[in-house]
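Q: Take the given structure of chain A and dock chain B to it, following the hints.
From first to last, the protein sequence lines stand for chains A and B.
If you're matching positions, the first sequence starts at 34 in my numbering and goes up one per residue.
If you're matching positions, the second sequence starts at 101 in my numbering and goes up one per residue.
Simulated from the structure, these hints should not be mistaken for laboratory data.
Values in this document were obtained by computation on a predicted structure and should not be read as measured data.
Using N, Cα and C, we set each Cβ at its ideal position, and we do this for glycine too.
Incorrect hints may have been included.
[What the hints assert, rightly or not] Stretch by stretch, here's where chain B covers chain A in the computed footprint (C-beta under 8 Å, at least three residues):
id, region
1, 55 to 65
2, 96 to 104
3, 117 to 125
4, 168 to 182
5, 201 to 208
6, 281 to 288
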Amino acid sequence: MKFKKFFIKTCNELEGEKNTTRKIACKKCGKKISVSKIRKNYFVCPNCGNYYLVRARRRILMLADKRSFIEHDRELTSKNILSFPEYDEKLEKAKIKSRENEGVICGTCLIGGVKVCIFSMDPYFMMGSMGSVVGEKITRLFEYATKNSLPVLGITVSGGARMQEGMLSLMQMSKVSAAVKRHSDKNNLYINLLTNPTTGGVNASFAMLGDITLSEPHARVGFAGPRVIEKTLNKSLPKGFQRAESVLKCGFIDMIVERKNQKELISKLLIMHS
Amino acid sequence: MKDYEIVLNARKENVLTMSDYLKNIVTDFIEFHGDRYFSDDSAVIGGIGYIGNTCVTVIGIEKGKNTEERVYRNFGSAHPEGYRKALRLMKQAEKFKRPILLIVDTAGAYPGVSAEERGQGRAIANNLYEMSTLKTPMLSLIIGEGGSGGALALAHADKIWMLENAYFSVVSPESCANILWKSTERADVVAEALMLTAEKLEKLNLIDKIISNEKSGELKNMIENELNSLMKNSIDDLLELRYRKFRRVGEI
Chain A
34 MKFKKFFIKT CNELEGEKNT TRKIACKKCG KKISVSKIRK NYFVCPNCGN
84 YYLVRARRRI LMLADKRSFI EHDRELTSKN ILSFPEYDEK LEKAKIKSRE
134 NEGVICGTCL IGGVKVCIFS MDPYFMMGSM GSVVGEKITR LFEYATKNSL
184 PVLGITVSGG ARMQEGMLSL MQMSKVSAAV KRHSDKNNLY INLLTNPTTG
234 GVNASFAMLG DITLSEPHAR VGFAGPRVIE KTLNKSLPKG FQRAESVLKC
284 GFIDMIVERK NQKELISKLL IMHS
Chain B
101 MKDYEIVLNA RKENVLTMSD YLKNIVTDFI EFHGDRYFSD DSAVIGGIGY
151 IGNTCVTVIG IEKGKNTEER VYRNFGSAHP EGYRKALRLM KQAEKFKRPI
201 LLIVDTAGAY PGVSAEERGQ GRAIANNLYE MSTLKTPMLS LIIGEGGSGG
251 ALALAHADKI WMLENAYFSV VSPESCANIL WKSTERADVV AEALMLTAEK
301 LEKLNLIDKI ISNEKSGELK NMIENELNSL MKNSIDDLLE LRYRKFRRVG
351 EI
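The shape of chain A in the complex, shown without the other chains (with noise of 0.2 Å):
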């Protein structure tokens, strides 16, 4: 318990800290560095380029023009539907931990003053998993962009569908991937945004959808867990399995995009499909 208090103080550390100047020690080099010098940096370690997780609200921010985020949906929130033990719990401490009501936040944006329908996966709920309200939120929001003949950046983040609702998880990837199909017949563009992770059920759906799909350096990107592929195959894996740099390789993503050139870029691609 402790040590659960512990994780979560830790990861709310650079997003609720109200002393800026305050140091912490990056998790990856160890250099301790202030609050303020790591945001500024959008939320990379300004000595080793360590990308720290960053909740889907500050995301939104780190690309939408100010003041331009209309968010949708915000109310819902999961439900234990199939009084699966120990769910309740998770979603009370999911929802602590991450301050949303759920997996994804949705709105519509301005990016470089093009209006655009965005998704955002939170790292802190649940590790972003898809339950039934992430697919039913991704879902409406696709059908409004369908609707509106507007663009949709996604970002995502996730471990794949939860496993907590079952089947009802399961097949929101059928129920997304359907909607973005309506969504491209209809000539709209969608851009994928891939972070650390995307894997599982979100990486065998709409994470591998888009038109044109990005990913921040050095993401995981990949279906099944790397553990698991240990396991079957009884030996390590290859250096960089499954890390966007590869993955680029091996032909699944465009181009990878650090951090501070996500918003110009984007706003470049959505001006070009205007």
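A: Structure of chain B alone, referenced to chain A:
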């Protein structure tokens, strides 16, 4: 039977596999091979034949009957090529206005280095995406194991049927228990909670029909009738109904 027993039984080696159903349901079957991009995945069997008087495309996942065959079939775990072969044959069916029968029996898509490098996630995603607007009727029959995304990639169909002793699950009960409690011991508890049996999935409105053991002799006629009745829909209606079928899953 306990839910976990259903899972264990579905994995047994002496159960009927896809090729048995193929023999019993389809006549004059001609198998086609290859995804036209990389190779031919032997875990996936696809081709054309007749169900009664209706010419159909049949695609399914085969586990193999003995050790040698099971190795050849990769134990019924498909690589991306398998899903791409399936999609190629589905597109072919659309072109020639043939209905499609999909037969699912897999523990899951193959978790391997090469499968990842060739885009397992993308292959499954693309099947869901394309199948959502494929202009021909599809029926998916889950005969044994319906293992997660690897099974779903052949189940985005107008009708999903399950044999009464089959299961369809987001995750294997063992992996789920392992993630939750770092031990596979309580897999039986998890199996109950996951709602993975045909009976429970029908109650949740996620599947359309359960085929009981007594009725398995009539399976061929039931499939033929269902496909023929689906073919009476206009394509627009068919696609609208298919969209709504998945749209209402977990609708709020």
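Q: Look at each hint and say if it fits the structure.
A: Hint-by-hint comparison with the structure:
no.	hint	in the structure
1	55 to 65	violated (count 0)
2	96 to 104	violated (count 0)
3	117 to 125	holds (count 3)
4	168 to 182	holds (count 3)
5	201 to 208	holds (count 8)
6	281 to 288	holds (count 3)
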